[in-house]
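Colleague: Single-letter residue listing:
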Amino acid sequence: MTERGYTLSELAPLVQAELVGDGSATITGVASLPTAAPDQIGFYANSKYHDQLLATRAGAVLIRAEHAQDCPVPALIVKDPYYAYARVASTLHPRERAAPGVHPSAVVADDAVLEADVAIGPNAVVESGARIGRGTEIGPCTVIGRGARLGENCVLAGGVQIASDCIVGDNAIFHSGVVIGADGFGFAPGPEGWRKVPQLGIVRIGNDVEIGANSTVDRGTLGDTVIGDGCKLDNQVHIGHNCRVGAHTVFAGCSALAGSVTLGSWCMIGGQSAITGHIEITDGVTITGMTGVTNSIHEKGIYASPLPAQPVRKWRKNAVRFTQLDAMSRRIQALERELAELRDQIKQDD
Amino acid sequence: MTERGYTLSELAPLVQAELVGDGSATITGVASLPTAAPDQIGFYANSKYHDQLLATRAGAVLIRAEHAQDCPVPALIVKDPYYAYARVASTLHPRERAAPGVHPSAVVADDAVLEADVAIGPNAVVESGARIGRGTEIGPCTVIGRGARLGENCVLAGGVQIASDCIVGDNAIFHSGVVIGADGFGFAPGPEGWRKVPQLGIVRIGNDVEIGANSTVDRGTLGDTVIGDGCKLDNQVHIGHNCRVGAHTVFAGCSALAGSVTLGSWCMIGGQSAITGHIEITDGVTITGMTGVTNSIHEKGIYASPLPAQPVRKWRKNAVRFTQLDAMSRRIQALERELAELRDQIKQDD
Amino acid sequence: MTERGYTLSELAPLVQAELVGDGSATITGVASLPTAAPDQIGFYANSKYHDQLLATRAGAVLIRAEHAQDCPVPALIVKDPYYAYARVASTLHPRERAAPGVHPSAVVADDAVLEADVAIGPNAVVESGARIGRGTEIGPCTVIGRGARLGENCVLAGGVQIASDCIVGDNAIFHSGVVIGADGFGFAPGPEGWRKVPQLGIVRIGNDVEIGANSTVDRGTLGDTVIGDGCKLDNQVHIGHNCRVGAHTVFAGCSALAGSVTLGSWCMIGGQSAITGHIEITDGVTITGMTGVTNSIHEKGIYASPLPAQPVRKWRKNAVRFTQLDAMSRRIQALERELAELRDQIKQDD
Chain F
1 MTERGYTLSE LAPLVQAELV GDGSATITGV ASLPTAAPDQ IGFYANSKYH DQLLATRAGA
61 VLIRAEHAQD CPVPALIVKD PYYAYARVAS TLHPRERAAP GVHPSAVVAD DAVLEADVAI
121 GPNAVVESGA RIGRGTEIGP CTVIGRGARL GENCVLAGGV QIASDCIVGD NAIFHSGVVI
181 GADGFGFAPG PEGWRKVPQL GIVRIGNDVE IGANSTVDRG TLGDTVIGDG CKLDNQVHIG
241 HNCRVGAHTV FAGCSALAGS VTLGSWCMIG GQSAITGHIE ITDGVTITGM TGVTNSIHEK
301 GIYASPLPAQ PVRKWRKNAV RFTQLDAMSR RIQALERELA ELRDQIKQDD
Chain V
1 MTERGYTLSE LAPLVQAELV GDGSATITGV ASLPTAAPDQ IGFYANSKYH DQLLATRAGA
61 VLIRAEHAQD CPVPALIVKD PYYAYARVAS TLHPRERAAP GVHPSAVVAD DAVLEADVAI
121 GPNAVVESGA RIGRGTEIGP CTVIGRGARL GENCVLAGGV QIASDCIVGD NAIFHSGVVI
181 GADGFGFAPG PEGWRKVPQL GIVRIGNDVE IGANSTVDRG TLGDTVIGDG CKLDNQVHIG
241 HNCRVGAHTV FAGCSALAGS VTLGSWCMIG GQSAITGHIE ITDGVTITGM TGVTNSIHEK
301 GIYASPLPAQ PVRKWRKNAV RFTQLDAMSR RIQALERELA ELRDQIKQDD
Chain C
1 MTERGYTLSE LAPLVQAELV GDGSATITGV ASLPTAAPDQ IGFYANSKYH DQLLATRAGA
61 VLIRAEHAQD CPVPALIVKD PYYAYARVAS TLHPRERAAP GVHPSAVVAD DAVLEADVAI
121 GPNAVVESGA RIGRGTEIGP CTVIGRGARL GENCVLAGGV QIASDCIVGD NAIFHSGVVI
181 GADGFGFAPG PEGWRKVPQL GIVRIGNDVE IGANSTVDRG TLGDTVIGDG CKLDNQVHIG
241 HNCRVGAHTV FAGCSALAGS VTLGSWCMIG GQSAITGHIE ITDGVTITGM TGVTNSIHEK
301 GIYASPLPAQ PVRKWRKNAV RFTQLDAMSR RIQALERELA ELRDQIKQDD
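Protein chains in written order, with our numbering: chain F, 1 to 350; chain V, 1 to 350; chain C, 1 to 350.
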């Protein structure tokens, strides 16, 4: 606990660290190297911050073996300081949890099932047939729709909406404004307008998934929209209907999948990038920010498309040239041909 | 109803279909051709799935006349199988509706008007002077602002916000997190900062409009923001103040209109595309995904601007060249001139 | 007040205007020049609308001195008509405010502090330790988290979420669906998946900040995310963790800052543009719409990157050429070299 803190000797085994220095010092929190006090621990992972390491007053530093000799304070030697830092920070600063129980202002249907230690916040709503797993916390004004099922130890912030029949695994963290299971975007055009195609599938979310504020995942049309274990979605991400996302794939802010995309595991989708519908992207693909993907990607790697920002006058000239690019290419071809002809002619003249 | 089902003879007239085969079979639901059981109906519209047609175990297939001879099961012959499918699916799987009535936890102002068969969900709020049309359903934690008016048979999911005085037609479907009528983005710059320009108009939405999760439509500055009949907005779409959108125009996910755009009817705006303020786009224009539109479009057609994603090393080289594009163009021009001069010189030499 | 109205003699000193014409006319509202009635006031700032000025029936026009002779009705002569208009419009059309008091359906923690004249709407939630400043209005179904603090005279619409411990200054206007203080996007990759990095900072928002519908500002990792005084954010803007935004910077709809961006004051960020993480942008920078910024900007000015929309057939050819741009550049270089060689050869031949 933060108040009591942990000694370095207690923290070391949590992260399989070798302790160099006095293990009896008590650590109560994490901090960055320049601001850390003697009861706080920091991490060092990037040689750019070497000066900060040399000057730190932290109680200890999580650090790789090859840098430990430069550490002016006790060191916890680990393979991956940032990964270890995440573990230590979570231990020293556990998420404050709501007390179990149903707030009197919440509306819980009679036939909803709440497992042990569930916390339902003020003005939340749990509709008929929903099931909330052990230790899960539902924030204020959050709505769990008919027949939806949440796993254990989930934390849903205030103002989250889970639509009917959707299924969420254990340890989910959904931030405010997340909408799971709204209808996918399906309409058939006809002479009098667009006719709605009923969205009959659900959303199925694995374990250990975190979804950022105001992100949306639409329900499937006939089958389901599936988000694999360990996926992490930043804010304002949009996942269209029928997408299937492999495990441990991450989405930066404002990125979007159109419908029926099959996306591999351990992919990284950059901010404000967009992936068009009905394509497949294999495992381990990274898409940089603001990139548009319109074709399937079968080879692991990094893919990009955006143009760099330029001062507006330079940009304006170049952007106009872009609209002439095909013509430019044909002019180059013509030049190559004419130059070759000229050369031939000169040779003959010689 | 799903439980009872419909015979093929009952379904055929709903979609002006010619039935080929036994009309007495009962159909209880829709499914895709590969998964459909004998009490389910599918559709066939794309020759890419010809194998699935040949192998289907569906109870019937909605299909065009020219493909009907390949259908191994009873066929409902129609002009547009997907459009007919939408109708049949809606009939077999009607949206589950909330029972009429006001949930005791909802807060409805004394002078709000609820027409017959209105359903107001738990913890919803209907403010003073609002009017809700017959058969309309307001989801949990949804807020209808002062003086707002909703038509008949609308379905507002949980967590929707309709700001004061906005007007919505009949048969609207608004998904969770939709915000209608927030202030438009209007500020006048002055020496001490930006001064707010009051947004005094409303949002006026036609009949048969569907709006996806977390989309926003801002109220007008002096006049109104108008969304025409039959428009469909996907998730996280943003419509700025004073826009006027014609009937049956559709917006894919994360697309945006800046302020004061006049957009025609039957347009299709691709995902994550953006249309700059104060321009006009005529009827029947399609904007592909991730396209930026900065000038008015007076001619029907398809418009695009995004670049294709490439492996990052190729992309980096090409993106750098883009910043030199104007210079490249001038070098081509110089080459053309110099080559012509050289040719002239050689001619003279001859 | 709108009902009573103001005489022109009363309005003139509010905007340091020189009145030309009869000051006794009563003005009850604002309108555009073509629609204004004799009890309404308009403004004239753009010579594009000169015909509208000549034909207006408005009760008065806010106008610059050099145009006043063309004004057919009483004129209020000011330096900046639009800025003056904003002031007059706010005076004639004050925002309708909720009556102070706590709605019986709201849930306010016993130890939350509500200063004088606070209004808490139906089904709103104010959690333990929160503090709401004098005259602030909390909309329906809005949630103020544990220990959060709001200044005076703020207006939070319905469905806003302020997470624990975040701090908001005076005169904030937050529209529906705004989420302040959700966890930033921080995960450390490990062999078994992404481990959450606790987000221990808060969001700190200055005075006079307006934030549009469904925008999100994430809390800091160790330090805070900071939005300066007078900033204005349009709808669906995303500000990542640890960003520091200077005073009076404005963000158009759907723009995004990734994490740890330091952005100056008086910047203008265009719609759907995105700024990558860990960079610095100086004061007074304008980023046009749909621009991606991936490097720090140290010089004031306008920056851009998007390509113009083109008819799809032209675009397709040009976009393909873009993927060959580096090769094109090398072909130009080769041509230049070969042409020079040929010229040398001819010279030698001569």
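Because the hints were derived from the structure by calculation, they are not lab data. Careful: at least some of the hints might be erroneous.
If chains are identical, the list can't say which one is meant, so a pair holds when it fits in one copy or spans any two.
Dumping the calculated SDA-like pairs for lysine to any residue here, alpha-carbon to alpha-carbon at most 20 Å [stated by the list, open to error]:
no. : residue 1 : residue 2
1   : Lys317    : Ala327
2   : Lys196    : Gly277
3   : Lys300    : Gly193
4   : Lys314    : Arg97
5   : Lys79     : Thr91
Colleague: Each of the hints needs a verdict: does it hold here or not?
Modeller: Hint check:
no.: 1; hint: Lys317 to Ala327; verdict: both (16 Å within a copy, 9 Å between copies)
no.: 2; hint: Lys196 to Gly277; verdict: within (19 Å within a copy, 30 Å between copies)
no.: 3; hint: Lys300 to Gly193; verdict: between (42 Å within a copy, 18 Å between copies)
no.: 4; hint: Lys314 to Arg97; verdict: neither (53 Å within a copy, 49 Å between copies)
no.: 5; hint: Lys79 to Thr91; verdict: within (19 Å within a copy, 60 Å between copies)
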